[in-house]
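These protein sequence lines map, in sequence, to chains A and B.
Take 1 as the starting number for the first sequence in full-length UniProt numbering and just add one per residue.
Take 1 as the starting number for the second sequence in full-length UniProt numbering and just add one per residue.
Worth double-checking, as some hints may not be accurate.
Same chains, same names: a pair is fine if it fits in one copy or spans any two.
Unchecked claim - In the DMTMM-like style, the derived pairs of lysine to aspartate or glutamate whose C-alpha atoms are separated by at most 20 Å in a straight line are:
no.	residue 1	residue 2
1	Lys44	Glu56
2	Lys51	Asp98
3	Lys51	Glu38
4	Lys180	Asp58
5	Lys112	Glu169
6	Lys60	Glu85
7	Lys149	Asp98
8	Lys4	Glu85
9	Lys121	Asp98
10	Lys198	Glu29
11	Lys51	Glu136
12	Lys121	Glu110
Hints were generated in silico from the structure; no laboratory data involved.
Number of protein chains: 2
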Amino acid sequence: MAPKYKVTYFNGMALGEPIRFILSHAGKEFEDIRIDLEQWSTLKKDVPFGKIPTLEVDGKTAHQSVSICRFLGREFGLAGENNWEGLQIDAVVDTIQDLRIAFADFMYAENKTVKAQKKEKLINETLPFYLSRLDEQVEINGGYFVNNKLSWADLYFAAITEYLKGGLEDDFISQYPNLKVLAEKVWNLPRIKAWREKRPKTQL
Amino acid sequence: MAPKYKVTYFNGMALGEPIRFILSHAGKEFEDIRIDLEQWSTLKKDVPFGKIPTLEVDGKTAHQSVSICRFLGREFGLAGENNWEGLQIDAVVDTIQDLRIAFADFMYAENKTVKAQKKEKLINETLPFYLSRLDEQVEINGGYFVNNKLSWADLYFAAITEYLKGGLEDDFISQYPNLKVLAEKVWNLPRIKAWREKRPKTQL
Chain A
1 MAPKYKVTYF
11 NGMALGEPIR
21 FILSHAGKEF
31 EDIRIDLEQW
41 STLKKDVPFG
51 KIPTLEVDGK
61 TAHQSVSICR
71 FLGREFGLAG
81 ENNWEGLQID
91 AVVDTIQDLR
101 IAFADFMYAE
111 NKTVKAQKKE
121 KLINETLPFY
131 LSRLDEQVEI
141 NGGYFVNNKL
151 SWADLYFAAI
161 TEYLKGGLED
171 DFISQYPNLK
181 VLAEKVWNLP
191 RIKAWREKRP
201 KTQL
Chain B
1 MAPKYKVTYF
11 NGMALGEPIR
21 FILSHAGKEF
31 EDIRIDLEQW
41 STLKKDVPFG
51 KIPTLEVDGK
61 TAHQSVSICR
71 FLGREFGLAG
81 ENNWEGLQID
91 AVVDTIQDLR
101 IAFADFMYAE
111 NKTVKAQKKE
121 KLINETLPFY
131 LSRLDEQVEI
141 NGGYFVNNKL
151 SWADLYFAAI
161 TEYLKGGLED
171 DFISQYPNLK
181 VLAEKVWNLP
191 RIKAWREKRP
201 KTQL
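Turn these sequences into a full structure, and let the hints guide you.
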């Protein structure tokens, strides 16, 4: 029997969307549970390490979004053909994570002045640093991050890019031609396209 | 022919030590390159994404410390028996990473007042939050993080614990009996013990 998947997250893209992208691209049905803050205050204590997203597979629960994505990538043949290729894919995702953490540090800063300073640094230093290097990597890898073919790193990147665009309210990716083409290529994969059309619309 | 490994990092534990732990425990020889800040200013531009540690395997270079550790864990049979077990191991390491990032946010804060505030929050909230849950996980998994046996998550944890202890100048782990026993068990694995005796001594 096919495994039953259930994704639990807030009603947003952020850390949940890469999981939904990978499941969708693999053509897997999944329960897309979206909780509000009131439900979260009750649920929080029952969730491993008090954090979402979680993935349930046949009733067993896992946490940590990137670990979940890698698990699904391996399930669906998107995690490289050997251990070294798997490492290259993982390193791309960890690099995108470094960028995402810098983004979150800006996005969720409480003090307005501090937030503005963080945004300036993000736009002028952090994004160009990472994105120029990632762009070059895609250029030399045939339009994908690793070894001239689609992997879960590409799906992860395209999902996180939508979230960052929503947070920055800026189409920052358009300055990086190879990344832009890659993101659009992923967004237009038939099952990803169908998912993006039917999913609840959110800014983040 | 056995692969040739070369680890390049600063003269410290931090993000390099988990790699050195895993290679040591697997009984692999490796070149342990430790560079100073002057060398780093020259080397930085030639390194993928301008960051270390890197691992060279037979002349091919990889970056991202956790991705490298996972690769080595898989090479040496320390990454779980199946995909789900691999996910559990990855989720532990990502949780330790969340803690390590909160630690780094304190440790490398430039403003003294801010640093003191961050330290207080780290000691009173962040460390207890993660460590109490990790301690419980070790308790219910037979003295290891996952499935009653040693994995690269245990080695990762023991190496990072030494780094955090050095930074906090506090034996914080002693308040968590299961974690304390696990860390000491790893430190006393014969090849880890031998490595810790022969490695250059550093606080971080």
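Exercise. Can you list which hints this structure breaks, lowest number first?
Worked result: Hints 4, 7 are the ones this structure does not satisfy, whereas the remaining hints hold.
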